[in-house]
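**Q** The lines below spell out each chain.
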Amino acid sequence: MGAGDTAPDFELPAMGNELPMSLADFTGRVVYLDFWASWCGPCRKSLPLYEEMKGEFPEDRFEIVAINLDEDRYDAIRFLEKHPVSYTILLDPAGTTASQWQIQAMPSSFLLDGDGQIIKAWAGFTSSHLEEIQNEIRSSLH
Amino acid sequence: MRFARPSTSARVFVVVLCVSCTACAPVQPWERGRLAQPQMALEADALLSAMDQHVYTSKEAASGGVGPSGGGCGCN
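So the protein sequences, as listed, match chains A and B.
Here the first sequence stands for residues 0 to 141, where the numbers follow numbering that gives the first Met the number 0.
Here the second sequence stands for residues 0 to 75, where the numbers follow numbering that gives the first Met the number 0.
In case anyone wonders, no lab produced these hints; they're calculated from the structure.
Certain hints may be false.
[Unchecked claim] Stretch by stretch, here's where chain B covers chain A in the computed footprint (C-beta under 8 Å, at least three residues):
(1) 35-41
(2) 65-78
[Unchecked claim] Derived Cβ-Cβ restraints for the label pairs, each shown as a range:
(3) B/Q36 to A/A23: 31 to 41 Å
(4) B/Y55 to A/V84: 42 to 52 Å
(5) A/H82 to B/P5: 54 to 64 Å
(6) A/G54 to B/A60: 52 to 62 Å
(7) A/K81 to B/K58: 42 to 52 Å
(8) A/N134 to B/Q27: 27 to 37 Å
(9) B/L47 to A/S127: 26 to 36 Å
From a predicted model like this one, the values you see are computed outputs, not experimental measurements.
We put the CB at the ideal spot given by N, CA and C, even for glycine.
Okay, chain B solo, but in the shape it has when bound (with noise of 0.2 Å):
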């Protein structure tokens, strides 16, 4: 089974690719400012989202996938 080469342009993409992936660098705990914002939390209230996915397990008798909780800011 023979493949076709790639293009110029499609190698010049990976390089790319891979030089920004260097550049990627974890967010320290200091720097969580804005993450910890209202505005960034996943979601609008945490105490009703708990309350809904509480009647939804008791309804469907299943529970998980939602996804995490709470803003991310780091603080334990």
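Chain A with its partners taken away, still in its complex shape (with noise of 0.2 Å):
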């Protein structure tokens, strides 16, 4: 999956409640989606700097997705307890997202339009991809 591509619709339970959410729930939004697991070094990284970034972007047209790929999911629950997020959660544990998004690295990101198109897509996650994002995101919402 890359920029121009329409991303593939999903239905996930949250983190949390348990309430399924899909793509569709965010339309009209400019959505930053992040594939993610607790065992993943850069992972562990990333979550953390995107709760600090959320609060940078209007909360009614942006939004931040994060999608768990721990099999287990209290990994995933032992981590959020250190380093809570304000942002969705949602739980993959069979993986099926990932491979219908053709994940090729931990993390993977997607910048996502109000329509559900792919704007632009990361694989792997570093400090420098930060300002990057957030250039992106500033773009995206003008």
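From these two lone chains plus the hints, build me the complex, please.
**A** This is the structure:
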């Protein structure tokens, strides 16, 4: 999956309330979608940084959705207890969505426009990615 | 030059081996949780191993052939 592709929809339970959520629920908003797991070093680094990043953009026009791919959800819960985040965490222990989205590295992330088109995709995460991600979000919100 | 014909059990073994090979599949990036566990690392301490290797390279004027480092978690 890359820039210009239509994002495949999904329906996954949300961490906490188990209510199923789909990509269609975020239509009209710019979405930063992140695939992560608690055992992945760069993912552990990126999630708290996304929490800081979230506050920089208007809540009604921007959303962060993080899909957790841990086989055991309690690994994710333990990590999030230490590093709480306020954005949406969805659970995909079977990795069905990751397969559907053709994930090549952990973490992988995508910036989607309000119509569900992929604006940009990132494989992996380094500190230098963050500024690039923020710039892309700013451009897509203007 | 003549070769003996393989026995039935040898043939069955080869067939089973070939069929088993079809069950092999690449490990996907999101399936590497167990590989990323510390006890799966080939080296207990990557930094110490790097230092040992540096000393070995200096003393022996040779390097390489010591295998990969890291636990293979696939995180970049």
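**Q** Now look at each hint and say whether the structure bears it out.
**A** Against the structure, the hints come out as follows:
no. : hint                        : result
1   : 35-41                       : holds (count 5)
2   : 65-78                       : holds (count 4)
3   : B/Q36 to A/A23: 31 to 41 Å  : 37 Å, holds
4   : B/Y55 to A/V84: 42 to 52 Å  : 44 Å, holds
5   : A/H82 to B/P5: 54 to 64 Å   : 60 Å, holds
6   : A/G54 to B/A60: 52 to 62 Å  : 55 Å, holds
7   : A/K81 to B/K58: 42 to 52 Å  : 43 Å, holds
8   : A/N134 to B/Q27: 27 to 37 Å : 30 Å, holds
9   : B/L47 to A/S127: 26 to 36 Å : 29 Å, holds
Hint compliance for this structure: no hint is broken.
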